[in-house]
Amino acid sequence: MRWSKVFRTRKLAGSPLEAAKKIVVFGGGSFGTAMGCALARQKPDLEVVLLVRDPYLCKDINQLHENTRYLKGFKMPPNVRATTHAPEAIAGAQYAVHAVPVQSSRAFLQGIKEYLPSTVPIICVSKGLEVGSGQMMSELIPSALERKQPAVFLSGPSFAKEVMQNRPTGVVAACKDAKLARTVQALFASPTMRVNTTTDVVGVEICGALKNVLAIAAGIVEGMDLGHNALAALIAQGCSEIRWLAEKLGAKPTTMSGLSGLGDIMLTCYGDLSRNRSVGMRLGRGERLEDIIASSSQVAEGVATAGVVVGLARKYRVSLPVLTAVAQVLDNNLTAREAVFHIMNLPQIEEA
Numbered sequence: 000m001r002w003s004k005v006f007r008t009r010k011l012a013g014s015p016l017e018a019a020k021k022i023v024v025f026g027g028g029s030f031g032t033a034m035g036c037a038l039a040r041q042k043p044d045l046e047v048v049l050l051v052r053d054p055y056l057c058k059d060i061n062q063l064h065e066n067t068r069y070l071k072g073f074k075m076p077p078n079v080r081a082t083t084h085a086p087e088a089i090a091g092a093q094y095a096v097h098a099v100p101v102q103s104s105r106a107f108l109q110g111i112k113e114y115l116p117s118t119v120p121i122i123c124v125s126k127g128l129e130v131g132s133g134q135m136m137s138e139l140i141p142s143a144l145e146r147k148q149p150a151v152f153l154s155g156p157s158f159a160k161e162v163m164q165n166r167p168t169g170v171v172a173a174c175k176d177a178k179l180a181r182t183v184q185a186l187f188a189s190p191t192m193r194v195n196t197t198t199d200v201v202g203v204e205i206c207g208a209l210k211n212v213l214a215i216a217a218g219i220v221e222g223m224d225l226g227h228n229a230l231a232a233l234i235a236q237g238c239s240e241i242r243w244l245a246e247k248l249g250a251k252p253t254t255m256s257g258l259s260g261l262g263d264i265m266l267t268c269y270g271d272l273s274r275n276r277s278v279g280m281r282l283g284r285g286e287r288l289e290d291i292i293a294s295s296s297q298v299a300e301g302v303a304t305a306g307v308v309v310g311l312a313r314k315y316r317v318s319l320p321v322l323t324a325v326a327q328v329l330d331n332n333l334t335a336r337e338a339v340f341h342i343m344n345l346p347q348i349e350e351a
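Numbering (numbering that gives the first Met the number 0), first residue to last: 0 to 351.
Among these hints, one or two may not hold up.
[As the list claims (entries may be wrong)] The list that follows gives simulated cross-link-like pairs (lysine-lysine, DSSO-like), each with its CA atoms no further than 27 Å apart:
1. 71 - 21
2. 58 - 20
3. 160 - 71
4. 74 - 160
5. 251 - 175
6. 147 - 178
7. 58 - 71
8. 178 - 21
9. 21 - 247
10. 21 - 42
11. 147 - 20
12. 71 - 178
13. 71 - 42
14. 58 - 175
15. 147 - 112
16. 247 - 314
[Said to hold, decoys possible] Derived Cβ-Cβ restraints for the label pairs, each shown as a range:
17. 195 - 165: 18 to 24 Å
18. 44 - 166: 48 to 54 Å
19. 231 - 285: 21 to 27 Å
20. 290 - 132: 25 to 31 Å
21. 310 - 177: 29 to 35 Å
22. 195 - 55: 33 to 39 Å
23. 166 - 227: 22 to 28 Å
24. 138 - 169: 24 to 30 Å
25. 316 - 21: 46 to 52 Å
Hints listed in this document are in silico derivations from the structure and should not be mistaken for laboratory results. The C-beta atom is built at its ideal place from N, Cα and C for all residues, glycine as well.
The whole structure should be built from the sequences, with the hints applied where relevant.
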């Protein structure tokens with residue numbers, strides 16, 4: 000018997016996936032769509048409902064079985080459908096996958112909280128820090144819902160297109176409740192998706208947010224054609240800065256070397272499908288941020304998160320020269336060339 004068949008047989012016997020009848024996905028972007036499809040592929044009679052804003056996108060998904068806006072050319076399983084009606088989408092769902100961009104999440108959650116039972120676990124795949132509050136999603140969710148809500152934070156090196164292609168992918172499920180983390184692990188694990196677990200929610204979230212800012216910096220270096228040496232040095236420095244801030248916030252040092260840390264950083268800084276890297280490359284080539292945003296169909300979370308990082312650096316009194324330089328470039332306080340000059344002329348140090 001093939002391994003994949005053995006895996007499916009063992010997985011369905013008494014598993015969370017076997018018990019689930021319906022899962023709602025908040026958001027019709029690329030990653031929410033991909034994760035919804037990943038679940039739908041595993042269980043043909045599972046109802047997966049995407050809650051989307053745009054009626055035209057909703058129509059395309061239901062009639063063409065394709066997310067023509069964000070994942071054009073990828074057919075979706077027949078047990079995935081979309082709706083713009085929150086009560087219909089949420090009713091009867093055992094789990095809710097939250098894939099709404101961070102900066103839109105508070106308003107979205109406030110709008111649907113009356114329909115979402117307080118016992119339904121939220122599986123959050125959104126990465127970033129909210130402008131204004133500086134909150135991570137683990138703080139924003141209960142704040143927006145004005146109540147406690149079980150939540151797991153799924154992160155790691157995972158481009159939506161490769162998930163749709165059913166290529167091997169590894170992620171980590173973070174929750175202070177280890178049992179709930181294992182439930183989500185069992186829900187998503189498949190022959191092509193490996194899911195680790197951790198209780199270090201802060202570490203997973205801060206790595207997931209700051210790697211987007213670092214990817215913009217990496218893109219700037221590539222866009223300026225500064226070479227592999229410069230790129231490697233910048234990413235190494237950025238990794239140190241993420242670790243410094245994460246530890247100040249109470250994260251475990253080991254999280255940085257895992258899937259949600261080093262794994263996601265490598266993918267986002269080097270991968271051709273990285274939206275944040277693409278923004279950086281265009282900045283490095285001299286394009287204006289306003290023009291880049293206007294021509295992009297999807298959100299690059301690092302743009303908003305960069306400004307929040309400056310506040311965190313001040314609050315926790317930690318030096319983050321690479322990450323804060325990104326914010327200065329985005330705010331037009333420094334040109335890309337000036338930022339590179341500034342970083343290269345920092346005091347020489349002894350490496351710890």
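(Q) Under the constraints set out in the numbered hints, which ones does this structure not fulfil? (A) 9, 12, 14 and 18
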